[in-house]
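Asks: Read off the chains here:
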Amino acid sequence: AQSVTQLDSQVPVFEEAPVELRCNYSSSVSVYLFWYVQYPNQGLQLLLKYLSGSTLVESINGFEAEFNKSQTSFHLRKPSVHISDTAEYFCAVSDGNQGGKLIFGQGTELSVKP
Amino acid sequence: EAGVVQSPRYKIIEKKQPVAFWCNPISGHNTLYWYLQNLGQGPELLIRYENEEAVDDSQLPKDRFSAERLKGVDSTLKIQPAELGDSAVYLCASSLESGRWGSYNEQFFGPGTRLTVL
Chain G
1 AQSVTQLDSQ VPVFEEAPVE LRCNYSSSVS VYLFWYVQYP NQGLQLLLKY LSGSTLVESI
61 NGFEAEFNKS QTSFHLRKPS VHISDTAEYF CAVSDGNQGG KLIFGQGTEL SVKP
Chain D
1 EAGVVQSPRY KIIEKKQPVA FWCNPISGHN TLYWYLQNLG QGPELLIRYE NEEAVDDSQL
61 PKDRFSAERL KGVDSTLKIQ PAELGDSAVY LCASSLESGR WGSYNEQFFG PGTRLTVL
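Each protein sequence line maps, in turn, to chains G and D.
Start counting the first sequence at 1; every next residue gets the next number (this note's numbering).
Start counting the second sequence at 1; every next residue gets the next number (this note's numbering).
Check the hints yourself; a few may be wrong.
[Claimed, not checked] With beta-carbon atoms standing in for the labels, derived distance ranges: (1) G:Ser-3 to D:Lys-62: 21 to 31 Å; (2) D:Pro-61 to G:Ser-3: 30 to 40 Å; (3) G:Gly-62 to D:Lys-71: 40 to 50 Å.
For the record, the hints were derived by calculation from the structure and aren't laboratory data.
The C-beta atom is built at its ideal place from N, Cα and C for all residues, glycine as well.
Bound conformation, chain G alone:
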């Protein structure tokens, strides 16, 4: 069965510093990979996704993630964070054979300090 591991439960950073949130998944023939963000008292929102093609995917607010098949990783990065990026971030995986079922990691709480 698929599994997802987010290596850091909490990541505190200062504003304008770079950040990396790590995500590893168990190996599978073919996977779709996602990062979701959850702001306080709100539902999950899709941040970015990898389905196929270019291994580097970007979001509209400056985040990017790179699919690394050999290391089974999908780390999320941002070169300069803002206070408004403070939220919980979830990595998720789905394989095309499970009807869209998402397997989530435990989440990483990103806390951006001024």
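We have chain G; now place chain D onto it with these hints.
Replies: Frame of chain G, contents of chain D only:
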């Protein structure tokens, strides 16, 4: 366009009481999901509906949990009786249709219902 609507947003009950959660998916979305999110954890799928049919309920604890999606639109998730360990956030999500091999449809999540069992 309205997103996924869930109610209530918060619910506090005593153990052994019944409780129900309601979800209205995005208009036109055939697939509906219920997820359970424990504190400090990622969501876990409880049940997935294709229209009115439950196509994946393998993770639903059927001794106390039940769900229905009448007419293939709104859905209700029920717990009877509730236990202390059921305290969590219950998320509803919907998509146009569940992903088939080689395809993908984004899941849109509601704000969730936070259940506290005392």
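Asks: For every hint, state whether the structure bears it out.
Replies: Hints, verified against the model:
Between G:Ser-3 and D:Lys-62 the beta carbons are some 24 Å apart, a value that agrees with the proposed interval 21 to 31 Å. Evaluation of the 30 to 40 Å hint for D:Pro-61 and G:Ser-3 yields a failure: the beta carbon distance comes to about 21 Å. Checked against the hint of 40 to 50 Å, the pair G:Gly-62 and D:Lys-71 passes, with Cβ atoms roughly 42 Å apart.
In this structure, the one hint that does not hold is number 2.
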